[in-house]
Structure formats: C-alpha cells, structure tokens
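**Student:** What follows is the residue order along each chain.
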Amino acid sequence: MLEIAHSPLFGIMLSIVSFRIGLWVNKKVGHPLANPLIIAMLIVVAVLSVFGIPLDAFEQGSSFIAMFLAPVTAVLALTIYRQRKILAGAFFPVLFGTLAGALAALSSIRFSATLFGLNEQMIASLLSKSVTTPIAIAITEQFGGIPALTIASTVITGLAGNLLAPVLGKVFRIKDPVAHGVGIGSCSHALGTSKALELGEVQGAMSSISISLSAIWTVLLAPFFF
Amino acid sequence: MKYLTQLALIFGICLVGDLVSSLLPFSFPGSVISMIFVLILLSSRILKEEHLGESADFLLRNMTFFFIPPGVGILRYAALVQSIWWQLILVNLISLVACFAASSYTVLLVMRIQRLIARRHHA
Numbered sequence: 001m002l003e004i005a006h007s008p009l010f011g012i013m014l015s016i017v018s019f020r021i022g023l024w025v026n027k028k029v030g031h032p033l034a035n036p037l038i039i040a041m042l043i044v045v046a047v048l049s050v051f052g053i054p055l056d057a058f059e060q061g062s063s064f065i066a067m068f069l070a071p072v073t074a075v076l077a078l079t080i081y082r083q084r085k086i087l088a089g090a091f092f093p094v095l096f097g098t099l100a101g102a103l104a105a106l107s108s109i110r111f112s113a114t115l116f117g118l119n120e121q122m123i124a125s126l127l128s129k130s131v132t133t134p135i136a137i138a139i140t141e142q143f144g145g146i147p148a149l150t151i152a153s154t155v156i157t158g159l160a161g162n163l164l165a166p167v168l169g170k171v172f173r174i175k176d177p178v179a180h181g182v183g184i185g186s187c188s189h190a191l192g193t194s195k196a197l198e199l200g201e202v203q204g205a206m207s208s209i210s211i212s213l214s215a216i217w218t219v220l221l222a223p224f225f226f
Numbered sequence: 001m002k003y004l005t006q007l008a009l010i011f012g013i014c015l016v017g018d019l020v021s022s023l024l025p026f027s028f029p030g031s032v033i034s035m036i037f038v039l040i041l042l043s044s045r046i047l048k049e050e051h052l053g054e055s056a057d058f059l060l061r062n063m064t065f066f067f068i069p070p071g072v073g074i075l076r077y078a079a080l081v082q083s084i085w086w087q088l089i090l091v092n093l094i095s096l097v098a099c100f101a102a103s104s105y106t107v108l109l110v111m112r113i114q115r116l117i118a119r120r121h122h123a
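Protein chains in written order, with the numbering used here: chain A, 1 to 226; chain B, 1 to 123.
Mixed in with the good hints there might be a few duds.
Rough simulated footprint, nothing fancy, chain A against chain B, three-plus residues with beta-carbon under 8 angstroms [as the list claims (entries may be wrong)]:
no. : region
1   : 27 to 33
2   : 36 to 48
3   : 92 to 103
Here are the simulated lysine to aspartate or glutamate pairs, DMTMM-like style, with alpha carbons at most 25 angstroms apart [stated by the list, open to error]:
no. : chain 1 : residue 1 : chain 2 : residue 2
4   : A       : Lys170    : A       : Glu198
5   : A       : Lys175    : B       : Glu54
6   : A       : Lys85     : B       : Asp18
7   : A       : Lys27     : B       : Asp57
8   : A       : Lys85     : A       : Glu3
9   : A       : Lys85     : B       : Glu54
10  : B       : Lys2      : B       : Glu50
11  : A       : Lys170    : A       : Asp56
12  : B       : Lys2      : B       : Glu49
13  : A       : Lys175    : A       : Glu201
14  : A       : Lys28     : A       : Glu198
15  : B       : Lys2      : B       : Asp57
16  : A       : Lys170    : A       : Glu120
17  : A       : Lys170    : B       : Glu50
18  : B       : Lys2      : B       : Glu54
Since the hints were made in silico from the structure, they are not lab data. These figures come from a predicted structure and were not determined experimentally. Think of the CB as a built atom: it goes at the ideal place given N, C-alpha and C, for glycine as much as any other residue.
Please model the complete structure; the sequences and the hints are all you need to start from.
**Tutor:** Right, here's the structure in full:
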C-alpha cells in the first residue's frame, strides 16, 4: 500500500497540502509564531513518521519543488527593480547600512560560533542565515554546509527579528524610520519586514529594499569569513 | 502557453547563470548570477516586467512553499540539532542584535554626513 508514497506525486502533494494547512492556521491564529513554514514542515515530518515513510520516498517528489529555488532567486530581481525609486531616495544610507549589517552579521556569527565550539560545517550552514532564504541556501551550498540547518536558522532569526523589532528600536534609541527599517530588513529578511510594515510605511519600504541588498553584500563578503 | 513561455525564459536565465558560475575561477552561486542578469536585463529595458509576468509573481508570492523540501531534510540531522540547539539559538540572537545595531547606526551616520555636506554646499 505504501508503495504509492514512492511516487513523485506524493511528495509534491504532501508539501502543498501541508503548506495550505500552515497558511490556514497562520491566518486563524494571527501571530508570527504560527509560522506557515514551520507548521508545514511539522505536518510533513509527522505524516512521514506516522506512516513509516522514508525521507527518500518524500524526496522523489519534493526534489522537484526544491528545483525551483534557483528560479525563485532569479526573479527576486523583480522586487529590487520595482523598488528602484524608493532605493534612489535613500541610496547611500541604505547601501552602507546594509553593508555594515552584513559585515556585523558575518563577523558575529563567525566569532560566536567559534566561541561555542561549532565545527566548520555548522559555520558554513549559519554564515548566511540573516539573509533571504533562497540566497542563504545558495551560500550554504557553496561552502558545503547543511541547507536544512540554514533554513531552521533563517526562520529562527526572522521570527526573533519580527518579535524584537520594536524592542530593538527602543533599546538602541533608533527613532529615524529609515534607520529602523534598514536595521530590521538587514537582520531579519521578509519575516522581520512584515513587522516593519506594521510599524510604518517608511520602515516597511526600507526594510523591504534592505532584504535584497544585504543578501547581495553577504554573497560578496561571505567568502572572507569562511 | 503564456505561462510556459515565461517559465522557459526564467529557467533559461537560470541555466545561463549556472553555466557562468561553473566558468568562474572562484565559487559564486549561479542563482545569484541569474538574479543579477535579470536585474541588468530589466534595467536596460531589454526585458520587460510582462515577459516574466504572472509566473514570476507566482514564484515570489509562494516563495516560502519552496523551502519545505530542504527544510524537512532537517530530519536527517535530528541528533545533531539536539546536541547543539542552544548554541544555534545563541548564535542567531547575538548576530541579530549585532546586525541590527550596525546597520541602523550606519544609516544614521551616513545621513548625518550627507546633511553636513549639504550644509557646506549651501554655505
């Protein structure tokens, strides 16, 4: 009976249904901690273990989905292109702000991970975790890290950024909406940006443009930290 | 057919990105090269937003969905994650705060420098 689980269609269907449920729960609960990706992953893991389906069977189909990560990254260019006017309005502050953010993230990850005794493969998986997930995965693969660990970390960072964004602004006395937005987008990608959009229009726009810029900086600078 | 054409265009750009990546003397992710290609093509108006159209927006709107398969791969590393979970969380939090502080203070600094330059210009 479980033979059907080895069909590629199974992995694709399970992923779609789980994501659908994840989105639904997220909408019902209305809190960022009810993250649709985490919920979908938990459902998939639960289904696989309850029915004793091996991960390899799931990946027959799910590898087709993973194949779309590169196209997703390519079309991210569209989001940068659409925000070109906003970027032009604060070009240098955003350019240097995201550069400083990327440098601070990379060096603090390198330093703290080494301090806690994590090995090179772990560090390779963590270095990129502040940036948007498809690019973070690409960087991890480049250094031979574990993409699954990167995804877990980008979600943790994104959620923490979302929850802490207002507090961080107060602690560091950031009253300027441009600075606050760039800070949020640089350190916690799209998950943080959804909070920035709640804080205000300028914060949201700045956070959103910072996602792609800090990702580009991180791609360029990461080799120097590994 | 419209969607298939858009997807073929996007996939084609990705293949070129991977090809360029394999030819580079240093390692650089092919997907990011494709992204830079798309940005250049859009900015030079060789490519219009309509050419990527609904297919691109479909990918962007459902971006999170595509992280499920690699994310579920964490199952293979369950024992590893159990042994280093607190280090993972600490590294994430430390770098979050460092990155936030560095980027927002730098924005404030650059804006202050810009104001100084503007004032000198007026004087």
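**Student:** For every hint, state whether the structure bears it out.
**Tutor:** Structure-based check of each hint:
1. Coverage of the region 27 to 33 of chain B by chain A holds in this model, with 6 residues showing a Cβ closer than 8 angstroms to a Cβ of that chain against a need of three.
2. For a cut-off of 8 angstroms, the count of residues in the region 36 to 48 of chain B with a CB near a CB of chain A stands at 6, and the three-residue condition holds.
3. For a cut-off of 8 angstroms, the count of residues in the region 92 to 103 of chain B with a CB near a CB of chain A stands at 12, and the three-residue condition holds.
4. As the CA atoms of Lys170(A) and Glu198(A) are separated by approximately 16 angstroms, the hinted pair is consistent with the 25 angstroms bound.
5. With a C-alpha separation of about 38 angstroms, the suggested pair Lys175(A) and Glu54(B) falls outside the 25 angstroms cut-off, and the hint is violated.
6. Only pairs whose Cα atoms come within 25 angstroms are accepted, and Lys85(A) paired with Asp18(B) is rejected, the gap being roughly 30 angstroms.
7. Restraint check: the Cα-Cα separation between Lys27(A) and Asp57(B) comes to about 21 angstroms, which is no more than 25 angstroms; the hinted pair holds.
8. About 54 angstroms separates the Cα atoms of Lys85(A) and Glu3(A), which puts this hinted pair outside 25 angstroms; it is violated.
9. Taken as a hint, the Lys85(A) and Glu54(B) pair is honoured in the structure, with Cα atoms around 22 angstroms apart against an allowance of 25 angstroms.
10. As the CA atoms of Lys2(B) and Glu50(B) are separated by approximately 11 angstroms, the hinted pair is consistent with the 25 angstroms bound.
11. Pair hint Lys170(A) plus Asp56(A) does not hold up; C-alpha atoms about 47 angstroms apart against a cutoff of 25 angstroms.
12. Restraint check: the Cα-Cα separation between Lys2(B) and Glu49(B) comes to about 14 angstroms, which is no more than 25 angstroms; the hinted pair holds.
13. Between Lys175(A) and Glu201(A) the CA atoms are separated by roughly 14 angstroms; this keeps the pair inside 25 angstroms, and the hint holds.
14. Between Lys28(A) and Glu198(A) the CA atoms are separated by roughly 18 angstroms; this keeps the pair inside 25 angstroms, and the hint holds.
15. For the hint pairing Lys2(B) with Asp57(B), the CA-to-CA distance comes to about 14 angstroms; that is within 25 angstroms, so the pair holds.
16. Distance restraint check for Lys170(A) and Glu120(A): the Cα-Cα separation of roughly 35 angstroms exceeds the 25 angstroms cut-off, and the hinted pair is therefore not satisfied.
17. Distance check on the hinted pair: Lys170(A) and Glu50(B) sit about 42 angstroms apart at the alpha-carbon level, beyond 25 angstroms; violated.
18. Restraint check for Lys2(B) and Glu54(B): satisfied, since their Cα atoms lie roughly 9 angstroms apart, inside the 25 angstroms limit.
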